[in-house]
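**Q** Below are the chains, spelled out letter by letter.
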Amino acid sequence: MKISIGAVVKGGTSLDYFTGSWRDQRPTIDTEFCKCCGVCEDVCPDSAVHVVDDVYVIDYDFCKGCGLCAYECPVDAIKMTEEEK
Amino acid sequence: MAQKRVLEGSEAVALAVKACRPHVISAYPISPQTHIVEALARMKADGEIESEYVRVESEFSAASVVSGASAAGSRAYTASASQGLLLMTEVLYASVGMRLPFVLTGVNRSISAPITIQVDQQDTVSLRDSGVIQFYVESCQEAYDVHLAAFKVAEDPDILLPVMVCMDGWILTHSYETVSFLEQEAVDRFVPPFNPPNRLDPKDPKTWGSYAEENVLTEFKFAIHDALQKGKDKIREVFAELARITGRDYGGLIEAYRTQGADIVLVAMGSVCGTVKEAVDVLREEGRKVGLVKIRCYRPFPYEDIWSAVRESKVLAVLDANISLGSEGAVGMDLKAKLCGIRNGPIVCDWISGLGGREVNIDTIRRIVGECERVRECGQDISELKWAGLNPALLP
Amino acid sequence: METQAINRRDNLFVSGHRACHGCGMAIAVRHILKATGQDVIVVTPTGCLETFSSPYGYSPWLVPWIHHLFENGPAVASGVAAALKAQGRESCRVVVIGGDGSTFDIGFGSLSGMLERGDDVLYICVDNGAYMNTGGQRSGASPTYSSTTTDPAGAASFGKRQLKKNLPEIVAAHGIPYVATASVAYLKDLQKKVKKAMEYRGPRYIQIDTPCPSVWGFGSDRALEIGRLGVRCGLVPLIEIENGQLKRVRKITDPLPVEDYLKAQKRFRHLFSMPEGGGVVAEIQKQADGNIAKYGLLKRTVDGNAETPP
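Protein chains in written order, with the numbering used here: chain A, 1 to 85; chain B, 1001 to 1396; chain C, 2001 to 2310.
Calculated from the structure, these hints are not laboratory results. By construction, the Cβ of each residue, glycine as well, lies at the ideal position given by its N, Cα and C atoms. Careful, some of the hints might be misleading.
[What the hints assert, rightly or not] Between beta-carbon pairs, the in silico distance windows are:
| no. | chain 1 | residue 1 | chain 2 | residue 2 | range |
| --- | --- | --- | --- | --- | --- |
| 1 | C | G2135 | A | T81 | 29 to 37 Å |
| 2 | C | G2175 | B | N1391 | 48 to 56 Å |
| 3 | A | K10 | C | E2116 | 35 to 43 Å |
| 4 | C | G2244 | B | A1113 | 24 to 32 Å |
| 5 | C | G2135 | A | D76 | 33 to 41 Å |
| 6 | C | E2169 | B | K1230 | 50 to 58 Å |
| 7 | A | D30 | C | T2253 | 29 to 37 Å |
| 8 | C | K2263 | B | A1113 | 36 to 44 Å |
| 9 | A | V52 | C | G2037 | 19 to 27 Å |
| 10 | A | T28 | C | R2009 | 25 to 33 Å |
| 11 | A | D76 | C | G2037 | 31 to 39 Å |
| 12 | C | K2263 | A | T81 | 24 to 32 Å |
Start from the sequences and build out the full structure, keeping to the hints where you can.
**A** Okay, here's the thing in structure tokens:
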């Protein structure tokens, strides 16, 4: 892949780098308890929580497993479990 | 308005900059550059220019402002000298790497310590590794003309690099000459609006200043070096085009002055060339075969042009108004790098001369030429570094 | 990529960046850009944010972004702002997002110059209190008695002796329209302050406390919790200064003792194992009490965020 002039890069290209490989633990959202408050989506440093058809989902391609979503969830609807390698 | 006026070199430069319509000018004062930025400030205050004029708090910021402006797609200009140029060094390297074009005037002044405001070329020469293109001018007229060319060269889509126009402090900035100016329409045709391939724009978000690893670093540097090498042809074209428009032809990357049949050729940059040309004429009258190569474009280094002019010569006397302490003068070293190993090539004698404003006059040249003739007669292969006019009685 | 497309359009700092697990700064950046909207150009000086967001070929920035050098974020921003003005593109705004190393130390002169000139730049300092990108060396923003790698706690030292430089007040002394401090622990407040700043033209400054799990030494899931503790004990006052006047503060209902904040971080833990550490903690408590008094942080009424200055 040729280098660009002046090393200028198109924005958004980080989506080609799957940081999900960094995980030691993974979050799981229990949709029965989830109140759709959006805190998990707000606090995720990696934008790895999305709303798909009104349901909150984790994007495991990028989730680094930091646990912020689980810790901040006001109703404890997110659990962290060990990532299977 | 085609015009001829007697004016200060600094003002001629300001008028050249004005004619090129930069969007952004940044200014931090340092002798002997101040008259340039002051002239531009007066123009701004009188509403004669529309440029945004940013009065920065250091030269580091002066260079940073024009870099940011360039990345945002605007033509930009700044100027400095000596300590200020050194302070800009980091910024210039980074902007070269990011291929951000702008023009700066490097008003030549010696570098502290001891502190002095007198002229030599240590400051701009010390930036020779950075990738910034460097032009050196001999007169106020040439300063005006070359600033116009500088914007065109910098913004060329195959070049996209900062260009520094180097002019001797006081001798050119503060002396008065008759200077001819081009009509604005002619300048507008010669230097069309800046149109970079990339610019900071929310409509097409791009990222500048990435972190690169060893797998691509070499290629990035090669690409710049390659652009500089290929840029030599483009620079020749731009100078030639300007010569057609103005009727003033200074030559291309170099001016070869009476080098035909010259056994001894002096090599120099900047205003000292005026003196050297006079000395060459005097010595030629006396029957001595001497000539001058005036380097106009120092980076990229025009070794092919120089070689063309000196291939029959026996000795090159390089006047270096700078010294790489612990080694030799920069231009001498650049020449030796290219001529080393050429069979029957000329001997390069490097002369440190003109440091801190020490006068180089016809007698100085005469002594240098005399010494070079002795070198030629001895058939030396290598010449030791020499210091023109050194006063040993002062040494501790 | 598909799920990203469904994701909220206002997310302009996307996945795939290389920030540490649980990085407070990354959260802050997402919310800064939600508040500014996409008609901005962002300048970032060298630091954590620059390094984790710009490996060549992988950029999470959906806004135009430039990293130039360490010392010149404000000056580069001034140049961008001047260019936008010259081009008639002034609806596009300029925002610097830079760390404390650059803002408090090596870029301080550049910042002051930009403020003094009155350039139309919003400067946001994402403050994690050290040169974190390179492992946590001490900066002018490091809190008193924090242990950093160039001013570590040891048998003969409690860590940094000096105060944290009061940059918000220094910035406010330049007479600019808007200065605020914020915390990643209070994201709505953070967004509100950024939006407020965007209403002004001229220089504006926001300093955001962005806890760093990697070097402050706490669990990767605790950045907001640590941020809350910092605010609630008074060590991280949240204030707004408009045209030199203290306008609004975030009140604290029941100030926590500073121990709660300090004990939770490795960078202060030496204070609890060294003899005379208690005396040092008392000094830090005095700092927190001083902030509470100076800025009037104690909540006196039932409602939140009262307008009364101290």
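**Q** Work down the list of hints and note, for each, if the structure agrees.
**A** Here is how each hint holds up against the structure:
1. C:G2135 - A:T81: 29 to 37 Å: holds, 31 Å
2. C:G2175 - B:N1391: 48 to 56 Å: holds, 55 Å
3. A:K10 - C:E2116: 35 to 43 Å: holds, 36 Å
4. C:G2244 - B:A1113: 24 to 32 Å: The hinted range 24 to 32 Å is violated for C:G2244 and B:A1113, with Cβ atoms some 42 Å apart.
5. C:G2135 - A:D76: 33 to 41 Å: Once the Cβ atoms are compared, 35 Å apart, the range 33 to 41 Å for A:D76 and C:G2135 holds.
6. C:E2169 - B:K1230: 50 to 58 Å: Holds: the Cβ-Cβ distance is about 54 Å, inside 50 to 58 Å.
7. A:D30 - C:T2253: 29 to 37 Å: Holds, since A:D30 and C:T2253 (Cβ atoms, about 32 Å apart) stay within the stated range.
8. C:K2263 - B:A1113: 36 to 44 Å: violated, 52 Å
9. A:V52 - C:G2037: 19 to 27 Å: Given about 24 Å between the Cβ atoms, the range holds.
10. A:T28 - C:R2009: 25 to 33 Å: Holds - the Cβ-Cβ distance for A:T28 and C:R2009, about 27 Å, lies within 25 to 33 Å.
11. A:D76 - C:G2037: 31 to 39 Å: holds, 34 Å
12. C:K2263 - A:T81: 24 to 32 Å: holds, 28 Å
Comparing the model with each earlier hint shows violations of hints 4, 8; every other hint is respected.
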